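*Asks:* Protein chains in written order, with my numbering: chain W, 52 to 288; chain X, 34 to 275; chain E, 8 to 142.
It is worth saying that the hints were derived from the structure and are not from the lab.
For clarity, every value in this text was computed on a predicted model and none was experimentally measured.
Check each hint, because a few of them may be wrong.
To be verified - Each computed DSS-like pair below joins lysine-lysine, with the alpha-carbon atoms no more than 27 Å apart:
#, chain 1, residue 1, chain 2, residue 2
1, X, 82, W, 121
2, W, 218, X, 249
3, X, 172, X, 144
4, X, 236, E, 93
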Amino acid sequence: MPEKTPQNGPVEVEFTRSRLDALIQALAYAAIDDFESCLSLMRGDTEGDTFALLEKEFTDFLSKLVGAKKDLNDALVQAEESNRELESKLETIERQQAAIRELSTPIIEVWAGVLCLPVVGIVDSQRSAEMTETLLETIVAKQARTAIVDITGIEAMDTKTADHFIKMAKAVRLLGADCILSGINPSIAQTLTHIGVDLTGIRTLRNLRDALQVFLREQAAIHLAKLQPLAEGSAQT
Amino acid sequence: MRTVEDAVGSVLSGAISAITQRSIFNRLGGLARTPVGQLGPVERQTVLKELEGSLRLFARGSSAELLAACDRVLSESTAPAAGGSQRGGGGTVGTAGIAGTGVIAAKGINKTFAVEQEKDIATARLEAWSEAVRIGLSKFTAVKVATAVSELARNIVFYAGKGTVELRAHEDERGPSLHIVATDRGPGIEPRKLEEIWGGTYKSQRGMGKGLLAVKKLVTDFHMDTVPGKGTTVTCVFRGER
Amino acid sequence: MKRSTAASTGSDGRSRASDQSLAIIQIRNCLLVSIQTELHDRLALDLQEALMERVRTAGARGVILDVSAVEVIDSYITRILNDIGKSVRFMGAECYIVGIRPAVAMTLIEMGVELDSVHTALNLDLALERLELLQ
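Next comes chain W alone, as it looks inside the complex:
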C-alpha cells in the first residue's frame, strides 16, 4: 500500500517475504557474476509500491552494469588481440635485427696478414661484443699480424662505446697482433681524451688510406733492413 512519507523520517514499508528473498537471491547471483539469473529473478511482476522503487532501481542498475561489463570485456579482448599482434611484430623485428647483425660485421683481408674491420652504424654493447669476438677469431684463424679497425663511419661515441673499442684493441694486442684505429673524428677524439684512456700500443690514424700507407711503408722498411746485410756483403767482394 502506498505510503505518504516525510523525506527524513522513519518509513514503514510492507512487502512480502518472498520479494525480499528474491532481492537477496538476486544480489547473491550478481556477486558471483551470474547476471542472467540475477536479472531473470527481478523481472517478475512488481507492485507499484515503495519497495518496488528499490527493486526497479536495482534492476536498472544491474542492467547498466551488465552492459558496461560487456563493453569492457570486448575492449579488453580487443586489446589482448592487438597485444598479440604487436608481440609477433616484435619477434619479426628481433629476427631481422639478428640477420642485420650477421651481415654487418664484414672483416676484409686487405693484405697478407692485414685485416680490416669497417664499423658502421649503431654500436651497442651486444654488437661490439660480437664484433670483437669475430675479429679475434679471424685474427687467430688467419694468423693476421695487423688489424685495422676503421671507425670513419661512426660520427660520435659515448664513453661506454669508446670503452668497448678500447677493450677490442687491447684484446687484439693481447693476442700478439697490432691494432690500428683509423677514422677517429674530432668529436670521438675528444671523448677518448675525456675518459683518459691509455692508448699505448694502439696506433690511431686519420683514415683507412693513411693506415694502409703506414703499414706498406713499414713493410718496405722491414724488407729493406733484411736486404741490407746482403748488399753490404756483396759490396765487399
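Fit chains X and E to the supplied structure of chain W, relying on the hints for placement.
*Replies:* For chains X and E alone, kept in the frame of chain W given last:
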C-alpha cells in the same frame, strides 16, 4: 633475492604476452621491483588482485592455476616450494628452486660442488663451462663463466680451506642465465679490506683481491655477503645475450 | 734441440711424479714450453725454477710459453705467468706467451687483469722473430 617481477615473470612466461606482462608490472610500480622476501601479506594480496584481473582476460591456459602458481612463488621464503607445471603452446615454466639462502627458480637441476682441493677447482670450472653451454650461453660467455668460477673456487681453497660452488640455471623472458653461488665458512673479509679490494688497491700474497674485482667486472650481477669470522657467500649471474 | 723436464728433481732432491712434468724444448737459443696441464702452485714454482736454471746454463735469450691448449686463464694463472716473465727477465731473457685463445684474451681484458711482465705473439715463428730483433 628475486623481485616480484622476476618471480611472477618466470611463472607467466609463455602464458601471457610480454607486453601484457610489462603493463601489469608498470601498474604495480614499485611493488614489482620489491624482492619477494620483503613482500608483506597486504602487498602480496595487492599484487595477486592485479594479476587476477589480467590473468582472467589475457592468459592462455587456466587463469586459476596460474594465479595459484603466482601465489606460491610470492609466498616463498626458505621452505621448498611446490613444483610448477608445463604450459602447452607457450614457454616452459621451470620448477621453483629450493634454496637455503635465496629464492631462485631453476630450469632443470641445480648442481652443487664441494671445493676443497686444487683439483676441485678444475672440476667446478669444467662443470660451470658445460652448464653455461647447455643453457645456451655463447661460447665466449661460457669461458667467462668458467673463469669466474675458477676465481671463486680458488679463493675458497686458498682462504677458507673448503666450501661449495652451486650452479643454478634460470630462464626468463630476457633469455637464459646462470646463477653461481660460492659459499664458505672461512675467515670472511673485513670491511676495510673490502674497500681496498673494490678500489683496486688491495695487495695480497695470493691475489685474492684482484680475483674478486675481476669477477665483479665479468658478471652481469654481483653480490657478496661476508662476515669476518663466519664466512663468505658470493652470488653472481651471467646472462645470455640473446 | 735439447730437452729437459721441469719438476724432475725438486730442491729437496726427490724426483716428482712424471705426470706432473712439463717438457722444456730448446730451439736456437730460446726455450719453449707447451702448457698442457693445470698450472697449480707446485708445478708453477718448479717450472719457474727450471726455466731460470736453463736460461742461465744455456744462455737463452728468450722463453716462449705456448698456451694454445689452455682454456681458462684466471688472475692466479696470470700472476704465475707474470712471475715467470719477471724471473726470466731477471736472468736477461724475455718471455713470450703464444697461442692465447680469443675467448681467453677477451675475458682477461674484461677482468682488467694485465699480463704486464710478458710479451705476446700470435705463434712460435713470430715470437722467435721478435726475440731475434731484440738482440
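*Asks:* Decide, hint by hint, whether the structure agrees.
*Replies:* We went through each hint and held it up to the structure:
no.	hint	result
1	X:82 - W:121	holds (20 Å)
2	W:218 - X:249	holds (17 Å)
3	X:172 - X:144	holds (20 Å)
4	X:236 - E:93	holds (18 Å)
The structure is consistent with each of the numbered hints, conforming to all of them.
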